[in-house]
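Colleague: Each chain, written out:
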Amino acid sequence: MLLFRSEEHVETWCRSRSLPIGGTLSLKQASELAWIWFRDRLEASWKRKTIEEAESIFESLELKGDFWKLRR
Amino acid sequence: MQTGIELSGEVRLHVMRQVIETGRVPKAAETALALGKPSDEIRQAHQQLAEAHVFVLEPGGFELRMASPFSAIPTPFEVTIGERRWWGNCIWDAMGIAAVLKTEARISTRCPDCAHPLSLTVDGPAVSGDPGIVHFAVPAAQWWDDIIYT
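Heads up: the protein sequence lines correspond to chains A and B, in order. As numbered in our numbering, residues 6 to 77 make up the first sequence, in order. As numbered in our numbering, residues 549 to 698 make up the second sequence, in order.
Hint data in this document are derived by calculation from the structure and do not stem from the laboratory. All values derive from a computational prediction rather than experimental measurement. Ideal Cβ positions, reconstructed from N, Cα and C, are used throughout, including at glycine. Be careful, since some hints might not be right.
Here are the computed distance ranges between Cβ atoms for each label pair [claimed, not checked]: (1) A/64 with B/584: 37 to 47 Å; (2) B/571 with A/64: 29 to 39 Å; (3) B/629 with A/27: 38 to 48 Å.
The shape of chain A in the complex, shown without the other chains (with noise of 0.2 Å):
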């Protein structure tokens, strides 16, 4: 996962190296979703998320279709 400057240096970074594009987030999402993902972490409780608790997690943040599912 790589911060690029914008979406057109996203293409030509593929581009250069023959990858499709893959999925892109805006730094709000990003952020809210590291948020969501780690903040827990130093809870002596934590464990790691189920699938349905992660996609459930990404459909909040708009992150939708077959790139953001966990089950292949």
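Mind docking chain B on chain A? Use the hints.
Modeller: Below, chain B alone, put in the same frame as chain A:
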């Protein structure tokens, strides 16, 4: 008697607290000494944490490469709070370090396309600084096929 799951939980928390305090992911021998456990039990705990997709091991070894969101080695994702510094495994993890620490943190990286320096300030779920966009090259279902590449 402590179960393997309980020890893994204790090791996970110890590693997280150590990296926050020292800026460095501890070696298995250091954790063994700190927790008063044999090194092979700590290596087993590392293995269990890796199998559970909590931490990531150095390829072919038992030391930690990633104590997510922290990286054991320098990366292009530097996170600073004042004079203190950590490394994220990716931009998501760098933002995650700020979330773990629950303090305003600065993230410094470069655009992978043009190497232009980019700086963000993250405070809880809020972000400010340079404009930018986060790109995931690998679909979510394949993240753990090769997590170091991801």
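Colleague: Failing hints, ascending?
Modeller: Of the numbered hints given earlier, the structure breaks just one, which is hint 3.
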